[in-house]
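Participant: Fit chain B to the given chain A structure using the hints.
There are 2 protein chains.
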Amino acid sequence: MKFIKTPVKGMCDMLPQDMELRNYVLGMIKETYKSYGFSEIETPVMEHIENLTGDQGGENEKLIFKVMKRGEELKRAMESEDNSLADSGMRYDLTVPLSRYYANNMGSLITPFKALQIGNVFRADKPQKGRFRQFTQCDIDILGDGSILAEIELIAATANVLTRIFSEIGISKFTVHVNDRRILKAMALFAGFSEESLSSVLISLDKMDKIGLDGIKEEMIANGHLAENVEKYISLLENITPEISCSEFCKFLKENYIEGEVIESIENTLDCARSMVHSDVTLMFDPTLVRGMAYYTGTIFEISIDGYNFSIAGGGRYDEIIGKFSNQKVPACGFSIGFERIITILNDNLDKITMEEKEKVAILIEKGASSELMLEAFNKAMKLRNEGKIVSVQPLSKNAKFQVEKLVSNGYSKVEKMYI
Amino acid sequence: MKFIKTPVKGMCDMLPQDMELRNYVLGMIKETYKSYGFSEIETPVMEHIENLTGDQGGENEKLIFKVMKRGEELKRAMESEDNSLADSGMRYDLTVPLSRYYANNMGSLITPFKALQIGNVFRADKPQKGRFRQFTQCDIDILGDGSILAEIELIAATANVLTRIFSEIGISKFTVHVNDRRILKAMALFAGFSEESLSSVLISLDKMDKIGLDGIKEEMIANGHLAENVEKYISLLENITPEISCSEFCKFLKENYIEGEVIESIENTLDCARSMVHSDVTLMFDPTLVRGMAYYTGTIFEISIDGYNFSIAGGGRYDEIIGKFSNQKVPACGFSIGFERIITILNDNLDKITMEEKEKVAILIEKGASSELMLEAFNKAMKLRNEGKIVSVQPLSKNAKFQVEKLVSNGYSKVEKMYI
Chain A
167 MKFIKTPVKG MCDMLPQDME LRNYVLGMIK ETYKSYGFSE IETPVMEHIE NLTGDQGGEN
227 EKLIFKVMKR GEELKRAMES EDNSLADSGM RYDLTVPLSR YYANNMGSLI TPFKALQIGN
287 VFRADKPQKG RFRQFTQCDI DILGDGSILA EIELIAATAN VLTRIFSEIG ISKFTVHVND
347 RRILKAMALF AGFSEESLSS VLISLDKMDK IGLDGIKEEM IANGHLAENV EKYISLLENI
407 TPEISCSEFC KFLKENYIEG EVIESIENTL DCARSMVHSD VTLMFDPTLV RGMAYYTGTI
467 FEISIDGYNF SIAGGGRYDE IIGKFSNQKV PACGFSIGFE RIITILNDNL DKITMEEKEK
527 VAILIEKGAS SELMLEAFNK AMKLRNEGKI VSVQPLSKNA KFQVEKLVSN GYSKVEKMYI
Chain B
167 MKFIKTPVKG MCDMLPQDME LRNYVLGMIK ETYKSYGFSE IETPVMEHIE NLTGDQGGEN
227 EKLIFKVMKR GEELKRAMES EDNSLADSGM RYDLTVPLSR YYANNMGSLI TPFKALQIGN
287 VFRADKPQKG RFRQFTQCDI DILGDGSILA EIELIAATAN VLTRIFSEIG ISKFTVHVND
347 RRILKAMALF AGFSEESLSS VLISLDKMDK IGLDGIKEEM IANGHLAENV EKYISLLENI
407 TPEISCSEFC KFLKENYIEG EVIESIENTL DCARSMVHSD VTLMFDPTLV RGMAYYTGTI
467 FEISIDGYNF SIAGGGRYDE IIGKFSNQKV PACGFSIGFE RIITILNDNL DKITMEEKEK
527 VAILIEKGAS SELMLEAFNK AMKLRNEGKI VSVQPLSKNA KFQVEKLVSN GYSKVEKMYI
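The listed protein sequences derive, respectively, from chains A and B.
Just so you know, we're using the working numbering here: the first sequence kicks off at 167 and counts up by one.
Just so you know, we're using the working numbering here: the second sequence kicks off at 167 and counts up by one.
Hints are supplied without guarantee of correctness; some may be wrong.
No distinction is drawn between identical chains; accordingly, a pair holds when it is met within one copy or between any pair of copies.
DSSO-like mimics (lysine-lysine), calculated; alpha carbons at most 27 Å apart, straight line [as the list claims (entries may be wrong)]: (1) Lys292 / Lys235; (2) Lys533 / Lys200; (3) Lys549 / Lys533; (4) Lys420 / Lys383.
Because the hints were derived from the structure by calculation, they are not lab data.
Bound-form chain A, shown alone (with noise of 0.2 Å):
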C-alpha cells in the first residue's frame, strides 16, 4: 500500500504562519459580528443527502461530495443497483445546514435568531488559485425577521467587519451592490419573457460583468429568445447608470410590474445602511446583480472591493428554505463572507499587517544531558512560562549555529543553550 504525502486534490495543509493570519481574521469577524447581537452556532460538515440534492444549491448540488452507505446498507444498495450508494454528503455552504438547524431547534432558540456560523464547506469544483475544494465561509444569518431591519443589521455589520479587516493594508474603498430577486423577474415579465424563461434569463444577464450588454443580446437570442423580448429587456438595461436609484430605475418598468412597498424597502435599506458604515463604502442599488443559488427569494446583496473584479462577500432573502424542514414557513436573511479571497489580498500585503506576539524564548539541551539539569532547565521554563513568555525546550542539535539561526527566523527572541 503506497502513503500519499499531498492532500486531497484542491485542498489544502495551513501552516503556522497561514494559521496567524487566519485566527486573526477570524478574530476580527467574530468580534465584530458579536457586537451586533450575532451567536455562534455549529452544524456538522455532512449532511442527509436528501437536502443536499433538494435543488435549493443551483449549481453547487453537481459538485457534491457523497459520503457512501456502510456495512449492510451499502451491501443493499449495491445489490439493488438503484445508484443509491450514498446516504449523505459534504455540504456544499452552511445555509442548507443552517435551515435544517433552525427547524431542527426552533423551541430552544430566540426569535429573531441571529446566527454566526464559521466553517468548511465542500465543492468538487475544479481547483484555481484562491478556489478549494474545501474551504472556509463565515455566514450571518437572521432567521425569524421578514422586515427589512435584518437587512440592514447584515449589510452594516458585514461591511464593517470589511473595513476593519481591510483598514490596515490601506484598503477602504468597497461598494454594497443591491438588488432584489422581485425586480429581477418584474424585468423579465416587463420585456415579454415567460416565468418558465425566467432562469435563462438570469443566467445571461449574471454575466453582464463579463460579457457586457452586446455578449447578452447574443446569447439570449442563440438561446432561442424572441428578437422583440431580447431588444425590450436590453433596452431597459440601458438605462443603468451607477448613481440610479431604485424608484428612478422602477418607472421604466411601467404598468405596476413591481409593488411599492419593494422599491421602499430597497431605498430605505440603502438609507439607514448608509448611515452606519464608513464614508468610503458605497451603497448602491444594481438591478444586474443576479447571485446564482435557487434559494433567494427577495433582497439579494454583494460587496466588491473597488479595483479589483469580484465579490467578496454575498448573500439575500431566502424565506422559503427553512419551510421545507418544518412546514412552517420563517423569513430568513443572510450575507456569507469570502474567507479565502480575503486571505488571498491580505496575504499579499503580509508586510502591512502587523499581529500581536508574545516574547518567545528557545532552552536548547545538550544530548546526554543528567536529570538534574534537564530538571533545571525544565524549571526555568515553567518560570518563563508563568511570566506570561513562550517557551520551548528542545534538545540541542550538532550544528548549533544553523539551529539558532532557524529559531532567530521563526520568532524566537531569545536561544539559551545548556550543556553537560
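Facilitator: Here is chain B on its own, set in the frame of chain A:
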C-alpha cells in the same frame, strides 16, 4: 423530495450556549499549549483512502466514512466492479493527517516541529452518550525530536491544560499513566508468548480495568494460549502495585528482556514531568496501559480524572508513520485531548463556571416605523457598539412582554422599545 431536519445520525447541532462553552475551553487549551511553543496548523478533513486504510488506525479503520469518486472515474469504477468506489474518506484521527502533513511540508517547518491541531474527526461508530460520529480532537505533537524532552513537554503541557480547565469546577486530581510498547512486548516474550501472539495478548491486557486478572486469564486460555505462558504472564501482573516504579517492575522480567535505557527514559520522564505539574497530579508507571492504536512504537500515556472510569487524554510515540509518507524516518510523539469528554463533564457543572460577558442591549422598533425612526435606532446602536456593548436591533413583536422576558433570559440586561 423530503427534507430531514435532524442532523446526520450521531452528529450534533451546537446551540449558542454549547459554542460558548466550547470556545471558552478551546481558548484555554490554545493559550496554554502556545506557551509551550506549539504552533497551530490545519489539515483537510478528507484524506486519500490509501492513507486511511494502510493499517495504521487499528479498529478505527472499520469505521471510516468513505467519499465516492465522481464523474467519469466513478463510472469506470462501477463498470469494473472492483469495489473501489471511494477515492477518499473522512479522517478518523488527526495523527495520520499530521504525519502526511509533516512529510509534505517538511522543508517549510522548523525542527523539532511542535504542532497544535484542533479539528473534527469522524467515525461511523455506534452513537451513545458522549460518543459522536463527528467530534473534536485537540492534539499536540512534537515531530523530529527522538529524545524524552518531547514526552516531558507533551505530558506537562497536557496535564497543565487539564488542571487549568477543571480548576473552576473544583477538580484537580488527575493521574498520568505512562508505559512503553517495548515493556509490553518484553512482558509477553518473557512469559513465553511468540511475537505473533503479541496483539492477542495486548487485547486481553487492555481489559484489565473491566475484567480483572481472573478475566484476563480466562480469556487468554479461551483464546488458545498455552496455560504455562498464561500463568507466567498473570504472575508477572500480580506484582503490580500503584506505587511500583519502572525499574522495580522490570526486575521481575529478569534475563534482560528490556534495555536499561528504556527504563531510565521512563523514570526520567516521570521525574521531570512531575516537577512541572500541579501537586494534585499523580504521575505513575503503569505496565497495564496498552492503548489501541496500531502505530505506537515507544512510550504511551493516558490521563484519567480520579473517580471517573475513563481517560480524557492519551498519546504516545509513533516513530514509524512519517517514514511511510516520506521514505525518511522521523521520530514523532503526540498527546490528544478527549475534548467531548471534557465538555460533557463541564456541562454537568455549568453553575460553577463564569465566562466573561459583555453588556447586551436590545433595541426594539415598532412595525411600520418611519425611516427617520429607524435611522435614530441604528445610530444609537452604533454608538453603543463603539462603547464596547453588544447591541441587537429587532422588530418589536405584538407580545412585547414575552419578547422582553425572552431577551432578558438570553442575557440582554437592557431592552429599549421605540414606538412610532
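Participant: Would you mind marking each hint as holding or not holding in the structure?
Facilitator: Here's how the hints hold up against the structure:
no. : hint            : result
1   : Lys292 / Lys235 : both (26 Å within a copy, 14 Å between copies)
2   : Lys533 / Lys200 : between (50 Å within a copy, 25 Å between copies)
3   : Lys549 / Lys533 : within (23 Å within a copy, 60 Å between copies)
4   : Lys420 / Lys383 : within (22 Å within a copy, 90 Å between copies)
Violated hints are absent here; each numbered hint is respected by the structure.
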